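Q: Protein chains in written order, with this note's numbering: chain R, 3 to 433; chain F, 555 to 800.
No wet-lab data here; the hints were simulated from the structure. Since this is a predicted model, take the numbers as computed values, not measurements. The beta carbon of each residue, even a glycine, is placed where N, CA and C say it ideally should be. Treat the hints with care, as some may be off.
Said to hold, decoys possible - For each label pair, taking beta carbons as the anchor points, the in silico distance ranges come out as:
no.: 1; chain 1: F; residue 1: GLN736; chain 2: R; residue 2: LYS392; range: 32 to 40 Å
no.: 2; chain 1: R; residue 1: ASP187; chain 2: F; residue 2: VAL668; range: 47 to 55 Å
no.: 3; chain 1: R; residue 1: LYS76; chain 2: F; residue 2: GLU680; range: 34 to 42 Å
no.: 4; chain 1: R; residue 1: SER427; chain 2: F; residue 2: HIS562; range: 35 to 43 Å
no.: 5; chain 1: R; residue 1: MET432; chain 2: F; residue 2: GLU749; range: 33 to 41 Å
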Amino acid sequence: MDKFAARLVKSFNDKDLGTHDLDWVAKYRSDAINLVGNLGIPKLSDEDWRFTNLKDFASKDFSTFSGNEATFKKPKLPDHISSIDGFFIYTHNGILVSDSDYPFSFSKIKDSFDTPEIKETLYSQVSDKNKDFFYELSSAFIEDGIFLKVDKDIKIDKPIVIINSFDSEANLKFINSRNIFYFEDSSSAEIIEYSVSNSDNEYFWNKTTNVYVGNNSKVEHLLIENGSKSSFIFSNLKIIQERDSHFTTNSILCGGSLIRNNVHPMLNGEGCYSNILGLYLSIKEQLMDNYMFVEHLKENCGSRQLYKGLLDDSSRGVFHGRILVHEEAQQTNAYQTNRNLLLSDSAQVDTKPQLEIYADDVKCSHGATIGQIDKDALMYLQARGINKKKALAMLIRAFTDEVVEPIDSEKILDVFHNVVNDWFSRSKIMN
Amino acid sequence: MLDIINLHAEVEGKKILQGLNLKINKGEIHSIMGPNGSGKSTLASILAGKEDYEVTDGDIIYNGESILELAPDERAQQGIFLAFQYPIEIPGVSNGYFLKEALNSINEARGKPVLKPVEFGKLIKEKIKKLKMDDSFLKRSLNEGFSGGEKKRNEILQMAILDPIFSVLDETDSGLDIDALQIVADGVNSLRGPEKAFLVITHYQRLLDYIVPDFVHVLVNGKIVKSGDKGLALELESKGYSWLEG
Numbered sequence: 003m004d005k006f007a008a009r010l011v012k013s014f015n016d017k018d019l020g021t022h023d024l025d026w027v028a029k030y031r032s033d034a035i036n037l038v039g040n041l042g043i044p045k046l047s048d049e050d051w052r053f054t055n056l057k058d059f060a061s062k063d064f065s066t067f068s069g070n071e072a073t074f075k076k077p078k079l080p081d082h083i084s085s086i087d088g089f090f091i092y093t094h095n096g097i098l099v100s101d102s103d104y105p106f107s108f109s110k111i112k113d114s115f116d117t118p119e120i121k122e123t124l125y126s127q128v129s130d131k132n133k134d135f136f137y138e139l140s141s142a143f144i145e146d147g148i149f150l151k152v153d154k155d156i157k158i159d160k161p162i163v164i165i166n167s168f169d170s171e172a173n174l175k176f177i178n179s180r181n182i183f184y185f186e187d188s189s190s191a192e193i194i195e196y197s198v199s200n201s202d203n204e205y206f207w208n209k210t211t212n213v214y215v216g217n218n219s220k221v222e223h224l225l226i227e228n229g230s231k232s233s234f235i236f237s238n239l240k241i242i243q244e245r246d247s248h249f250t251t252n253s254i255l256c257g258g259s260l261i262r263n264n265v266h267p268m269l270n271g272e273g274c275y276s277n278i279l280g281l282y283l284s285i286k287e288q289l290m291d292n293y294m295f296v297e298h299l300k301e302n303c304g305s306r307q308l309y310k311g312l313l314d315d316s317s318r319g320v321f322h323g324r325i326l327v328h329e330e331a332q333q334t335n336a337y338q339t340n341r342n343l344l345l346s347d348s349a350q351v352d353t354k355p356q357l358e359i360y361a362d363d364v365k366c367s368h369g370a371t372i373g374q375i376d377k378d379a380l381m382y383l384q385a386r387g388i389n390k391k392k393a394l395a396m397l398i399r400a401f402t403d404e405v406v407e408p409i410d411s412e413k414i415l416d417v418f419h420n421v422v423n424d425w426f427s428r429s430k431i432m433n
Numbered sequence: 555m556l557d558i559i560n561l562h563a564e565v566e567g568k569k570i571l572q573g574l575n576l577k578i579n580k581g582e583i584h585s586i587m588g589p590n591g592s593g594k595s596t597l598a599s600i601l602a603g604k605e606d607y608e609v610t611d612g613d614i615i616y617n618g619e620s621i622l623e624l625a626p627d628e629r630a631q632q633g634i635f636l637a638f639q640y641p642i643e644i645p646g647v648s649n650g651y652f653l654k655e656a657l658n659s660i661n662e663a664r665g666k667p668v669l670k671p672v673e674f675g676k677l678i679k680e681k682i683k684k685l686k687m688d689d690s691f692l693k694r695s696l697n698e699g700f701s702g703g704e705k706k707r708n709e710i711l712q713m714a715i716l717d718p719i720f721s722v723l724d725e726t727d728s729g730l731d732i733d734a735l736q737i738v739a740d741g742v743n744s745l746r747g748p749e750k751a752f753l754v755i756t757h758y759q760r761l762l763d764y765i766v767p768d769f770v771h772v773l774v775n776g777k778i779v780k781s782g783d784k785g786l787a788l789e790l791e792s793k794g795y796s797w798l799e800g
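Model the full assembly from the supplied sequences, consistent with the hints where possible.
A: Listed below in structure tokens is the structure:
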């Protein structure tokens, strides 16, 4: 067993996570920690990690963390976040600290293990034979995180805004957040997740969210990762979609020194649609590795992946887009696009499509581009009197806007534009 | 209005303009003709401020001041307009939004009030109608998927809306059929006036039947080798350029 995994196994044992009043919890965690030990930290030789070297990360000794709710102070948020008219929920270094009366239920996951939906969601991994180190790690340490549930036929009319804040207590800590968002049949909601750190803290945030989208439900999800520039963020989003459901997720990645962003929708009922959208905005030495895995399990479903990258300085981006169409999933429409703009000569991006199709009546496509700001387009706009900064902003806006085309929620669109403008106004090319 | 003095310019180390002199007064239309590679489009690009060109000697004086150090947007704000030979396609930026931003920028620079959306809408509808274009065009991405003729008409529309003082038309007639040519020429003619000037670069004499120039110049190897009135264009049409190339 490698050192990194061995340390995690030791913390697991120290915390006695293998024992629990509920047998299934004990077993679920124990099975997972065994896999953590067996898998070991991913290496470059692992096909799914070939562009992201974890050696430096793995050499660090992150100690486990038992949160401290008492030290929570509301983080300073940019206006475009704090002014959202929504249902706010706060976590502090991974621990849920909010307790409000909202038209949906939410609680700490460790206080809700007796809720049947939790066990049901965790065990209904409809496919997925491949085991992921960080996902298993999240399962082994399942304790902190949010269980959120929207009841049948309920439409939540304002966005649910989850603010994940970090402060210096998180420095050099391993923080495990395991969330379950459960949407009963015919419900609908918008969720905005925003993460923020009060200073340049170096934390290891392992965050997994299992989303269950019931029959005929509609969920729009926007994730804004704006945490510490020194943090290591491993995000796993696994979605089970039931019949006629509609799920849209849009990730905007700005923070983190290293981000691994896994999104894995499983279209598990007929007539589902999944939009998997993202924008990675990287500067300095940041590495943003996006691993998409769209799995079509049933007939007549559609999915669209659209990920775009703006890369400045010597930052690096990765896009790995995998589509798996199972034999049963006839009449699947699955599309994938990855586009990148390199804003500096030393930025780099690796993009890789991977299509596995076992049904014979499907439409699938993929495409990738890597380019730079079009100088001729810039000249054309300037030749009409538009100054260079404005012209650049127009071109960037034109590039990034495609990522929000499928989004209906105006509130989410507003937040998206503000985050992108804010990032872009600070980029080198504009200064 | 415009005085080009002994202009030398190169692109990627290749000398293109080699001592070009040209004086254009208010109210005049000048035409430049010349064989391929003579430097016609280079001149247009340099006037607009495209950065790939290096001016190695000479100057361009516009309304009494050199413009060589001005950025393309500053030149446009001072009333210089280039109708591009190959208008650029910009996906994701709509024509309507683009025109509004351009007009606002120019009005702002000239100290004019920024138009209200209703006023802008009215102005643009009127100009679109004149150029026989469809309203739906405003929602389309800038030049994206436009035919050659549509692109050229769009250049003239931009010119009509931005109301420049000095306009350069870089082979605006290339690729146009006779009907489209007439529409474009009508658009240009309606903008003529005692305070305005035009430089019309073309390959074909027929454009000059519709936009009648006061002066015709022949550009060969980066220099003006002959100047005359519109009769010169007719002479070039029948004799070609070889007699001037020596």
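Q: Determine for every hint whether it applies to the structure shown.
A: These are the hints, each one checked on the structure:
no. : hint                              : in the structure
1   : F:GLN736 <-> R:LYS392: 32 to 40 Å : holds, 35 Å
2   : R:ASP187 <-> F:VAL668: 47 to 55 Å : holds, 51 Å
3   : R:LYS76 <-> F:GLU680: 34 to 42 Å  : violated, 54 Å
4   : R:SER427 <-> F:HIS562: 35 to 43 Å : holds, 40 Å
5   : R:MET432 <-> F:GLU749: 33 to 41 Å : holds, 37 Å
The structure shown violates just one earlier hint, number 3.
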